[in-house]
Amino acid sequence: MAATYEPIATQTLGSATGSVTFSSIPSTYTDLILIFNGGADGSGINICARFNSDTGTNYSTTRLMGNGTTATSDRVTSGSMIYGTVLSNATLNSNAIFQINNYSNTTTYKTCLIRTNATEVRLSATVSLWRNTAAISTIVLSPEFTGNFTSGSTFTLYGIKAA
Amino acid sequence: MIGNIAVGLYGIPVPPVTNSFDSIATVTVGAGGQSSISFTSIPSTYKHLQIRGFAKNAQTTYAGDNMQIRFNGDSATNYSFHYIEGYSTNLVRALGSGTQTVALGLHNALTGSQAGYSNVFSAFVIDILDYASTSKNKTVKTLGGFDSNGDGNIQLASGAWYNSTTAINQIVITDETSSNFVQYSSFALYGIKDS
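In the order they appear, the protein sequences are chains A and B. With the numbering used here as the guide, the letters of the first sequence map in order to residues 1 to 163. With the numbering used here as the guide, the letters of the second sequence map in order to residues 1 to 195.
Quick caveat, the hints were computed from the structure, so don't treat them as lab data. C-beta: ideal position from N, C-alpha, C; glycine also. Check the hints yourself; a few may be wrong.
Said to hold, decoys possible - Mimicking SDA-like on lysine to any residue, the simulated pairs with C-alpha atoms at most 25 Å apart in a straight line are:
no. : chain 1 : residue 1 : chain 2 : residue 2
1   : B       : Lys47     : B       : Ala115
2   : A       : Lys161    : B       : Gly30
3   : B       : Lys136    : B       : Arg93
4   : B       : Lys193    : A       : Gly68
5   : A       : Lys161    : B       : Ala132
6   : B       : Lys47     : A       : Thr119
7   : A       : Lys161    : B       : Lys136
To be verified - With beta-carbon atoms standing in for the labels, derived distance ranges:
no. : chain 1 : residue 1 : chain 2 : residue 2 : range
8   : B       : Asn169    : A       : Thr146    : 47 to 55 Å
9   : B       : Ser88     : A       : Ala3      : 38 to 46 Å
10  : B       : Ser135    : A       : Thr107    : 25 to 33 Å
11  : A       : Thr10     : B       : Asn119    : 25 to 33 Å
12  : A       : Glu144    : B       : Gly98     : 40 to 48 Å
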């Protein structure tokens, strides 16, 4: 059997930072997994992502959320980024795991699953679509491209290759 | 924003680690479509299994369809499932049943082939825990869904196969409506070691 699930790159923030970019992602894997652990400097800010530096309105998201009291869902159509959910404010008590299956195919749009947990705020499961058939070679993460990730936040990108 | 960090992958490599996640087999659907996905002769040498997939079916009636799982060819009422899903603005549903002939892969979250859903595929990760145990029932959990820029379904599902004495050595995945999985659908089976 072929061993897989390889770490590709990792980053730990030494100061509050607006965005983190993974570039030149090789197309040699089948799926990508991106794990974030940290927070955002500000309340009510969602973790978001863009692919291949596309800032157009080519993204959409369906979300399922729980805040300790109620379960809700929402949808973003023709957005300029994909959405996880709200991060903890100025603490490192949030995490998010992005699953980007079949990221390097050049035939279909890309579907991304995100599980986000912000201990003090809420948790969510998200599915997002990037309406582009290009292989994903760059991922940019940001608190809605307006805020900052908290110092000490960590980001690790893994690749999984099917037999 | 205070600043940005860019990580050049080849500039900051991560050292290799000892790996406990093996690729066992992959099924990629060809141009003619395929009605079921089978993994057979699954070795019992792992602790857990994971199926990672990207799929849609050929039916044009529903936006989302159900994807079902059976183990070891068992078609009797030895399964159960529950799920919670979000599929629009403030539309959350949680359902389940304790007597089923299948375990649940996805409920209403396997993309169909209606107009407007071109190039849209569901993504999913299915974990099958302690699949080789011969002393307890087998449990399954799934994260999956699709979004089509105006429609979508995200869900967390659980399933069980009430067979405590037999290791899982075969997995068959089908669509509830017996519709084919379309070209480019892919299902990859992985084994996770515990030592």
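Okay, the hints, checked on the actual structure:
Restraint check for B:Lys47 and B:Ala115: not satisfied, since their Cα atoms lie roughly 42 Å apart, outside the 25 Å limit. For the suggested pair A:Lys161 and B:Gly30, the alpha carbons sit about 19 Å apart, so the restraint of at most 25 Å is met. Restraint check for B:Lys136 and B:Arg93: the C-alpha separation of about 30 Å exceeds 25 Å, so the hint is violated. A distance of roughly 34 Å separates the Cα atoms of B:Lys193 and A:Gly68; the hinted pair therefore is violated under the 25 Å criterion.
Between A:Lys161 and B:Ala132, the direct Cα distance comes to roughly 23 Å. Compliance with the 25 Å bound is thereby established for this hinted pair. At most 25 Å may separate the alpha-carbon atoms for a hinted pair to count; B:Lys47 and A:Thr119 exceed this at roughly 29 Å. Among the hinted pairs, A:Lys161 with B:Lys136 is inconsistent with the structure: their alpha-carbon atoms are about 31 Å apart, more than 25 Å. Separation of B:Asn169 from A:Thr146 is about 52 Å and conforms to the stated range, judged on CB atoms against 47 to 55 Å.
Judged by the Cβ atoms, the range 38 to 46 Å given for B:Ser88 and A:Ala3 holds: they are separated by roughly 41 Å. Separated by about 44 Å at the C-beta atoms, B:Ser135 and A:Thr107 break the suggested range of 25 to 33 Å. About 32 Å separates the C-beta atoms of A:Thr10 and B:Asn119, a value consistent with the hinted range of 25 to 33 Å. Here the CB-CB span from A:Glu144 to B:Gly98 is close to 42 Å, well matched to the stated 40 to 48 Å.
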